[in-house]
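K.L.:
Sequence:
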Amino acid sequence: MRKVIIRQPRHIAPFNEAARELRVLNKPLWQWQRDLLASHSTEELVVNDISDVPREPVETLAYSDNLWFDAPFLSYFLAEAKRRRRPTRAAFRASDPAFLQQGLRALTRSYERRGDLFLVDLWYFPAGPGEPVEPVIVPSDAREVGYYHIPTYMAGEDGELVWWLPERAVCAVDSWVHLLFINIVFGVFSMASRFEKRSAGDPLFRMRALWRSFIERKPLLGSSVYVRRGRNCSIDPTTIFQGPVVLGDNVTIGPGCVITQSIIGDNVTLTHGNHVHMSVISDNCFFPWGANAYFSVFMENSSVGQNAVLDMSVIGRNSYIGAGTIFTNFNLLPLPLRVAAGNHLVEIDMPVLGGCVGHNCRLGSGLVVYPARMIESDVVLFASPTRRVIMKNISYEESDHHATRAADLHPRLYPREDEQEVETEW
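Okay, so the sequence shown: first residue is 9 according to the numbering used here, each after it adds one.
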């Protein structure tokens, strides 16, 4: 089958980079797509629009390179599309609670609305492009699961904050909030939910897990059935695991760490006393003592200082978060949170949300970042009496390093899309 990739070069703020290069579940999005489709495709083409797909009688799968989908979604779509033997396009019902839950509805720009359906940029042509194209409705079969139980003044009468966890997931990356949902809600949280359902419904799986727990003398959720370790890992015996947890190669975990339902990449170091809960820590990240991450995403080569705390946040590659810096996630006033969508701020239906830091950033110690704030790539922030609390989005022009004599020591690596075009012409 021919695989046709449709380029979506628009940059995602605050990273100043196309979606295909951003990390999802510790892989660049383009690599995630390639690995998932490796067994289905024999050749590959890259085009700029769906109309550019070659009109040749060849079995073809076309998709946008900013579209993330998981294996169950792809399998369901391909099975139904091949059964029909007609040109088809993936879709989901507007009433499906999972795909556009909470902040995703206001921030998503890549789906085409047609009646009660949303059409996804994923096509199958049994013998090359043709008309008409039928929608293949992929149900999420999602279930509502609570992720925080908090006081009622934060979440209504029942005090429960919930996400819809799908059995089949798709998400177009149009903002940094989509990256949070892909990695956390559709990623590690859904992975944990599937393990829970399998444990409850599969007696053989449950028996195998209990047996491994007994043989290894570990708690059930810390056994090798729930904790998958890479090669050459050094893990202190006092570490507490609550799986499912995936560890890469050459991972070092010191005493007193607690790791629950997370993905830890290659060459990651957690020194001691770190808490990592439902998070994705990508390759080559470093956590010193007391640094904690909850429902958060760290891209590769990033690190934090002592006692830094991040909740529901996304950190870009090669960035540093200073000691004691706090990313808050709850709006103190009863006002909706607002997130940047292009050049505008839009209100989102999320009671809690952390912040986002771009690539190649340096944040000093003791900062407090308000909910839903963005810090653009290549920014340096010093904690000072005049700027210790980050109350608004920070652009590159507002970076503190411009006012220092050492400004040239921090080069700009991720200019904005329009600035890159100017540099190319020059």
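The hints are simulated quantities; they were obtained by calculation from the structure and are not laboratory data.
Here the structure is a predicted model, which means the values were calculated and not measured.
For glycine and all other residues, C-beta sits at the position ideal for the given N, C-alpha and C.
Take the hints with a grain of salt, since some may be wrong.
Simulated crosslink set (SDA-like; lysine to any residue; CA at most 25 Å straight-line) [as the list claims (entries may be wrong)]:
{"#": "1", "residue 1": "K35", "residue 2": "E175"}
{"#": "2", "residue 1": "K205", "residue 2": "C241"}
{"#": "3", "residue 1": "K35", "residue 2": "L417"}
{"#": "4", "residue 1": "K226", "residue 2": "E175"}
{"#": "5", "residue 1": "K35", "residue 2": "P62"}
{"#": "6", "residue 1": "K400", "residue 2": "E25"}
{"#": "7", "residue 1": "K226", "residue 2": "P245"}
{"#": "8", "residue 1": "K226", "residue 2": "H285"}
{"#": "9", "residue 1": "K205", "residue 2": "P105"}
{"#": "10", "residue 1": "K11", "residue 2": "P147"}
{"#": "11", "residue 1": "K400", "residue 2": "V317"}
{"#": "12", "residue 1": "K11", "residue 2": "P105"}
{"#": "13", "residue 1": "K90", "residue 2": "A114"}
{"#": "14", "residue 1": "K35", "residue 2": "K226"}
{"#": "15", "residue 1": "K400", "residue 2": "E425"}
{"#": "16", "residue 1": "K400", "residue 2": "A348"}
{"#": "17", "residue 1": "K35", "residue 2": "N300"}
{"#": "18", "residue 1": "K90", "residue 2": "E25"}
{"#": "19", "residue 1": "K90", "residue 2": "K35"}
{"#": "20", "residue 1": "K35", "residue 2": "Y119"}
{"#": "21", "residue 1": "K90", "residue 2": "E29"}
{"#": "22", "residue 1": "K35", "residue 2": "D257"}
Computed Cβ-Cβ distance ranges for the label pairs, DEER-style [to be verified]:
{"#": "23", "residue 1": "P62", "residue 2": "L343", "range": "49 to 57 Å"}
{"#": "24", "residue 1": "P65", "residue 2": "P227", "range": "30 to 38 Å"}
{"#": "25", "residue 1": "N351", "residue 2": "Q39", "range": "50 to 58 Å"}
{"#": "26", "residue 1": "H410", "residue 2": "L218", "range": "58 to 66 Å"}
{"#": "27", "residue 1": "P227", "residue 2": "T260", "range": "20 to 28 Å"}
K.L.:
Are the hints correct? Go through all of them and say.
P.N.:
Verification of the hints:
1. Between K35 and E175 the CA atoms are separated by roughly 21 Å; this keeps the pair inside 25 Å, and the hint holds.
2. Simply put, K205 and C241 have alpha-carbon atoms about 29 Å apart, too far for the 25 Å limit, and the pair is violated.
3. A C-alpha spacing of about 29 Å is found between K35 and L417, which places the hinted pair above 25 Å, so the restraint is violated.
4. Distance hint between K226 and E175 is unfulfilled; the C-alpha atoms sit about 29 Å from each other, more than 25 Å.
5. Distance restraint check for K35 and P62: the Cα-Cα separation of roughly 29 Å exceeds the 25 Å cut-off, and the hinted pair is therefore not satisfied.
6. Restraint check for K400 and E25: satisfied, since their Cα atoms lie roughly 21 Å apart, inside the 25 Å limit.
7. A threshold of 25 Å between alpha carbons decides the hint, and for K226 with P245 the separation of about 10 Å falls inside it, so the pair holds.
8. A distance of roughly 19 Å separates the Cα atoms of K226 and H285; the hinted pair therefore holds under the 25 Å criterion.
9. For the given pair, K205 sits about 20 Å from P105 by alpha-carbon distance, which is consistent with the 25 Å threshold.
10. Of the pairs offered as hints, the one joining K11 and P147 holds, with about 24 Å between alpha carbons and a cut-off of 25 Å not exceeded.
11. For the suggested pair K400 and V317, the alpha carbons sit about 19 Å apart, so the restraint of at most 25 Å is met.
12. At roughly 30 Å between alpha-carbon atoms, K11 and P105 are farther apart than 25 Å, so this suggested pair is violated.
13. Proximity of K90 to A114 is assessed by CA-CA distance (about 33 Å); at most 25 Å being required, the pair is judged violated.
14. Note on K35 and K226: the hinted pairing is violated, with a Cα-Cα distance of about 30 Å set against a maximum of 25 Å.
15. Proposed proximity of K400 and E425 is supported: the alpha carbons are some 22 Å apart, at most 25 Å.
16. About 11 Å separates the Cα atoms of K400 and A348, which keeps this hinted pair within 25 Å; it holds.
17. Our distance criterion of 25 Å between C-alpha atoms is met by K35 and N300, whose separation comes to about 22 Å.
18. For the given pair, K90 sits about 35 Å from E25 by alpha-carbon distance, which is inconsistent with the 25 Å threshold.
19. Between the alpha carbons of K90 and K35 the distance comes to roughly 29 Å, so the proposed pair goes past 25 Å and is violated.
20. Distance restraint check for K35 and Y119: the Cα-Cα separation of roughly 23 Å lies within the 25 Å cut-off, and the hinted pair is therefore satisfied.
21. Under the criterion of a C-alpha separation no larger than 25 Å, the hint pairing K90 with E29 is inconsistent with the structure, at around 30 Å.
22. At most 25 Å may separate the alpha-carbon atoms for a hinted pair to count; K35 and D257 meet this at roughly 15 Å.
23. Look at P62 against L343: about 51 Å separates their beta carbons, and that is inside 49 to 57 Å.
24. Between P65 and P227 the CB atoms are about 57 Å apart, so this pair departs from the stated range of 30 to 38 Å.
25. For N351 and Q39, the Cβ-Cβ distance of about 30 Å falls outside the hinted range of 50 to 58 Å, so the restraint is violated.
26. Checked against the given bound of 58 to 66 Å, the beta carbons of H410 and L218, roughly 59 Å apart, stay inside it.
27. In this structure the supplied range 20 to 28 Å holds for P227 paired with T260, their Cβ-Cβ distance being about 22 Å.
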